[in-house]
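> Chains A and B supply the protein sequences, listed in that same order.
Heads up: the first sequence at position 335 corresponds to 1305 in my numbering, and the numbers run straight through without jumps.
Heads up: the second sequence at position 127 corresponds to 172 in my numbering, and the numbers run straight through without jumps.
Source of the hints: derived by calculation from the structure; they are not laboratory data.
All residues carry an ideal CB built from backbone N, CA and C; glycine is no exception.
Incorrect hints may appear among the rest.
To be verified - Covered stretches of chain B, as calculated for chain A (at least 3 residues, CB under 8 Å):
no., segment
1, 93-104
2, 109-116
3, 140-149
4, 200-213
5, 228-236
Said to hold, decoys possible - Sample of chain A residues facing chain B (criterion: CB under 7 Å; computed from the structure):
no., residue
6, Thr-982
7, Glu-983
8, Glu-1012
9, Glu-1013
10, Leu-1021
11, Val-1022
12, Met-1024
13, Asp-1027
14, Ile-1573
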Amino acid sequence: MNRSTWDDERITEYVIGEMPADEAARLKADIQSDAELARAVEEARNIKNLLVTMFADETPMVLDAARREQILDTPEEKLVTPKSSHEFIGATHASTRRYFAMAATVLLLATTAMVVYRSNRSKNAEVALGVNSAPKIDRPPMSPIPSSTAPASKERWAVEEGAVTADHESMDFKADRADAPGTPAPAAANAMSSEEMPLGAASALYVGENTVVEGPGTDVPPVPGNVPRMMKEAVVESITDLPFSAAATPNDPSEMDKRLFDPAAGQMAASGLAPGGDAVAETEGKAKAASDASPSNSGFDQFSSGAEGLGGMGMGMDTAMGMRGGTSLADQDEAGGSDMPTDVSAQDNFGMGLGRSEDFAEYRHRSIDPAKPSSPESVQGLELAKRDSLHYEGRGAGLGGDRFEPFVENNFKRVVEEPLSTFSIDVDTASYSKVRQFIAQADILPPPGAVRIEELVNYFEYGYEPPAANSEHPFVSRVEVAACPWNEMHRLARIAIKGKVMEKESRPASNLVFLADTSGSMEEPNKLPLVKQGLKKLVSQLGERDRVAIVVYAGSAGLVLDSTPASERSMILRKINQMQSGGSTNGGEGIRLAYRIARDHFIDGGVNRVILCSDGDFNVGVTSNDELVELVEQESKGGIDITVLGFGMGNHNDSMMEQISNRGNGNYAFIDTAAEAERVLVEQASGTLVTIARDVKIQVEFNPMQVGAYRLIGYENRKLAAEDFKDDTKDAGEIGAGHAVTALYELVPADGDMGALAPVVDELRYQKNVTLTEASKSGEWMTVNLRYKQPGSDTSIPISFPASDKKKDFSEATGDFRFAASVAGFGMILRSSEHIGSWTMSDVIKVAEAAKGDDMHGLRTEFVELARKAAAFRGQER
Amino acid sequence: MEMSNSRLCDGSMQQEREPVGDRDGSLSTMVGPDASQREWLAAVVDRYERPLLAYACRLLSGDDVRAQDAVQETFLRLCREDRHKIESRVAAWLFSVCRTRVIDMQRSSGHTMNSINAHAMSDSSLIDRHPDASHIAETSEQTSRMAELVNSLTPRQQEVLRLRVQAELSYREIAEITGLTISNVGFHLHAAVRSLRDAMQTA
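In isolation and in its complexed conformation, chain B is listed as follows (with noise of 0.2 Å):
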């Protein structure tokens, strides 16, 4: 087997995926920079909503209707960004920014709702789409198990996990998100895989 790509992908993770190298450039080609605002940031959005929507779920322990506020409100401020400067970084900034929200977001919360949830709760006629435990029964019996698993990993490397896995960002771009040296993602991401795999010599 040659290892031609600079990222070493399992073949079988990426089959309905970009591949990760190419995720930048498969949105600048998806919308080329003549494309207009709307038809970029409707890329951008369909890019990134999902793994965004689930990473700030998750640090919102579950709350999805603040974490849709946060992922909104991610990509209200990626509209008033210029667009040329951030569309090399786009993944690392808006998983920032949406960051930064969520943490704003969990400082104000108990004391007064602000406006933000307040808002949303109004429309609130949304489900809970946060895996929780009746929905995890439904999925196979290996991933619940690991879903179990991964819960019981410290934050930091359930973050970790989430954004190289889900998000399938770069051990840099991961480092920038999260504050974190490079060499400490790689860190967190190891001792997460090596918990994950004593958990489940021991199980």
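For reference, chain A alone in the conformation it holds in the complex (with noise of 0.2 Å):
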């Protein structure tokens, strides 16, 4: 009885003061006639109070009188020296709605100018990453801000100045567009005037706000050159994506297409412009419910409130500037009409895509460029990761957070005790987006258990050559060694897989079935408008042969589309559109429901494959990871891949996720921005879709002549027993068309100094030494054993090569594979491995800038980015 009564929760809620006052008075009107609620809410009176009286008593603690003074002694303004920016969250408010005047207008060009509305983008991002690694890199962190308050008069002169920079970097614009194909160049022109004023706006303000002088040619972001695709991302999941958040809700896709699609420029502006006013401004009202911040910007158009919302917190805004920046755009919306559709995806429908290689290219050169009004996007980007960065840690069942698998790093094996190291191959790259979405994004370090060294490797593209066409297996596999970088005495083995290539045309007939999780969770900018943004691009690569289901599952499980030819592609975009997302989430109905659309329209000899786009927050139903990944494991036998992309930061559930993708012959990747659903639905469409071996398996005996001890770097859960190598029964990883992978291994040699490695078990009584074969003395290091199987075949097939040391220093080995040590070295470094030895971030930084190569997609160069801003947070010297 006691019990029960204790199970109402409005007794704490009563005695705690939370309780609004008409639902008290209920509660106070229940107590008169219930003995014993009224004991119940007496004896919690007493607790609280008891609580109170011990809070209370507890000693005091203020902070030190020199830290208060510390704090106290900041400086009103804030304030920029060149080495040491801030992060202007103030400041950069009111520069956004000028940035947003120029992409107006910039879209009004229509297509074409799409590309620079993006570079524009990722320029301005640029700056904000330096703005916002800045303060932890160059101040320690207990030191006051530095101040040199400027004068109002000064201020005034630096607004010029700074439009007068302006002016050159639209010049630049001008010939940048100059030379795309297809430019409407009066249209160009006309808009550019327009353009420049903005862009002069943003500049001078950041000059004005900061009062500090910024002539062209100071040097204002600390990390100059390089922040490509990250910051980018970062951009465009919080500017591209927010307005698929409004896109999602109530519009008619039909009428959206239809204004999309409508020839007349100003209609097409209009449709391109929309993104950054309706929805944004409905994500600014988002914002500030979230955030309980004070309302209203009114006075301003719908267009100006919308930028503000980007610029994050920016509620005090003001000054001349911004006015210009606002009226300019006021025009526009007249011009294009008010009533705006919002759907970004105009991009994708117009096969804009990222546009990555140009816009790179473009923000490389723009890097160089003198001071930049910094992002402010990006800067909300960070506040809203931030706050949802507070949900990081693991919980349990029914609680929110993200919830990743902790795991033990693999430890050094002696040869002489274990000289087979057996394990499944892994091509997945989820904790690579993840640890970046952590680091980047959120502002703070990754909690180890989201990072898998071998899939922070395996997210780079190394320039392994595919195996040649008439080669008799999938792929092939080499074996390079050099010494080991943070520890000289060992030696680092790298064993590369590249398989083969497979272009688009020579892929085969797929039958996909999308199922996305549009429970209440996926809600958020990150996760179901990425969702479908990213499900878009993968239609837009898919060929007359192809066929294409939508299931979606929150509450219950629905069939959105059943399977459905790629080429009616309309109706498949219309139908991705129409993805709302509510209620709470029933991942098992939805994964059975998939898969038997799958099997119903099965392709022999084609693609079969479940996309599962989730957060992995699965809460009704089967909810243990086990049932779940069982279900899935039991689905996958009918010879059905799947594919697992996660989304979002907060709730999401990367173990399952993991799990799933392992068991269920799948590949994992993790979406946390719109560049990587680019890179892994559109450029490795051919790697995610086609599986060219099947449970690959890797196995290397080291010859205890030449290796006293190794450990294997990463693959923590795909250790395998050494018997499984040859079990067909056992399941191993797939690889896709054209996907590497790479294991590093590092290395005790023979005669190393194995100090430290106590054998694991005491002499043995009854044998001495191992009996040495023949080859051991052949100078061999290793042997690499594989076996994999061909896609619809249950036998495995070996191959095994042996490798040796050709004595090389880590400088002379190539750059592909001192950028995997870097990258190795980065994640023993995120997870405090023991043995990375005297090793910091800024070696991993200088190696990685020293191995970075071409490049050509900017992974490597936000690489070293990422590193930088780590080894902020850590606290190490850059």
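Two chains, two frames, a set of hints: combine them into the complex.
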């Protein structure tokens, strides 16, 4: 009885003082008639009073006087000195507006302009990274922020100076655009004048608000020259995707399409503009609601308020410059009509994609530019993510929070005791995107459990030669050995496997089932909107012979689109657009339905794949990891593969997604940004979709004559028992077309110091010394044995080849080798590995920087940035 | 007894404290919108340093030096924010940032001591202010018993309890800080009170 009374949560709510008055009155009435409840309330009140006293009795702590002074002495103005920019959240919101004005004008130029629009963003974003990471890098956390107050008159001057800078920039844009094919030149010229102004304003504002004069040539970003994709992604995410969330809501897709394709240029511009305006305005509303920030910026037109929303917290707007931006925009607003569609997918529909390499070239070029406005979008992204990031730590079932399965790092094994090292390959890259999201967007270091080193290393493209067209096996593998950078006494061996490349045209017919989580937890800009964007990208890659079905699941699962030929693209896109979020997540039911649809339309010899898009937060029906994973494992027996695309932060269940993909013949990518969606679903579409070798296992045998001990770096959750290698019933990883897999071993030479490595067992009584074979004298260091199955076959095919150490110094190793080593080191540092020795992030940066190579997509440059930022978080010198 | 206030608080606990509902308001009346940054900061520090330190200290398992680091860093970050933007939610903001700091510190600890710690350790003439056994013995028997019981609660319950009772945050704010839903906050609080009550019954 007591029990049941105490089930009433109102008791606590009441005594603790959280209960609204009306409810409290009701409870009081209940108390009158229920002695039991009255007693419980009395007890609870007693407890609460004790708690209050107890907490109050804790010896009060106050800040040390010195610390307090440091805080209070922080100068009032947020100041910028060339090398130490702070987070000017305050400074940025107004420039966004201008920025939007610019974006809007550019959009007027119709399709080609899109590229510019994006690259502009990237450019700004780039600065933002510097800005955000700067405080940690340049200023020891405990020292006061340097001050140099500029007089107001100077500020005015600075504004003009800024405008001049901006002129240069818009000139650049002109030039850039002229190179682009199909540029509507007259329109460009027209629009340019208005573009100039906003941009100028932006620069000017940057200067003005921060009261430091930044002429051209001043080096503002602390890390000049390279911030390619990461920030771009952040931006893409915070901007491009926000509109999506709006689009996700009430729009009628058909209406939207109509407008998007309306040939009238003005309309076109309007549709491009809309994402900025409408959608952002809506987002702002959300952000406000979320942060409980004080309201309303009436007096600005819809667009500028949108821009402000993007600026993040931006309420306190102002400034003449701001008005200018706003005004120019207002004009466009009228021209385009203010009731605008809100689907940024315009870009996808027009085949704009991300225009990655061009963009990249562009902002590389830009990045040497002087003072630039910081990017408010990304600041906001960071803020949002920061808020999210508070949820990051693992929680139990039923609670939010990113969940990562902790695991223990591989240790050294003595070759005499364990000559065989066996593991399943893993082409997943999710961990890297996840780590990137933590560092770049959420501004914190990832929890160690989120860092799977092999996925970090495998994220990057390496120049591994694919097998020859007439090759017997679908992949080739090579071994390179050089000195281990973090321990000069050790050697580092890299096993590189490269799958055969498949052109889009030669891809077999695909039967795809999109299984999208549309539960309430997906209703965030970096989730469902990104899912939609990703799926649309993928659909754009499909051909006549391919089929798509869409299953959504929330509280219950539903078939949104039965298997449909990919040629009916508009229908598929419309259905994707219509997906909305709401309700709880019954993942189990959705998975079953998706596999059933896939089975119903099975294509023999083709690609049969379920593409699961979720944050992994399954909370209805089957929710335990094990049961769901088993469900997928069972379903996958029918020859249907799975691609797991993880989204979001805050309640992302990484461990679940990883297990589903591992056990269900799948691959797993984490989509943190639109650019990542592009990478996984467009650039590597063949690899993601087409499996060329199944159950690929590696077993390395080390030669005790050469190798004393070894340590597999990463692959902790992919380890297999030695006897599993030949056991064809044991599942292992798949390799997709063109996929590359890298595995690193840290080796202690046989004559090396193994002092730290005590034998696992005491000396044996009945035997001593291993008998060595003739082959052990060959000088070989190891033999790499591989087993794989051809798709559709149940019998594995063995390959093996020996490898030896050519005594290369680390500096003599290939660039790919050195880069992979730096990534592994990065992961080891994030995991606080005991094996990393004296290596710090600065070593990672140094090695990676030197081994960047061509870096076609800017991924390696981005990595260096990430390492810099992580170094700053860790308080290490750069 | 009329329940006019939306936040029914036991009068006795509120005597020396500002009423919860007026917390933010009182801050802004103490320092009007025109107050200088320094005045405002001083008011915020005065108001929140204790609960923040207690909170951080608890999260850091009693390491008060690091708690000082975390709280100082939190306030320094506050300095870099536009005050007008976070004034209305400064409590939740502070605790959120502080929590993140603490988590970051926990993560990087055990590896290399980062510069923050190194710095703090160097001038660490501080006494351990965490209520250790000897301290608890000095306090009344009942509250020390309570402290023991509280320590046996789950970390989540302890955190929520502290944020509510000591820092006097609303369920909403606690939800924002911890990432729980509001109803989950209520659930954890009730579970905490309930298990404290059960423990006291059996004692």
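> Of the numbered hints stated previously, which ones are contradicted by the structure, given in increasing order?
Numbers 8, 14, in rising order.
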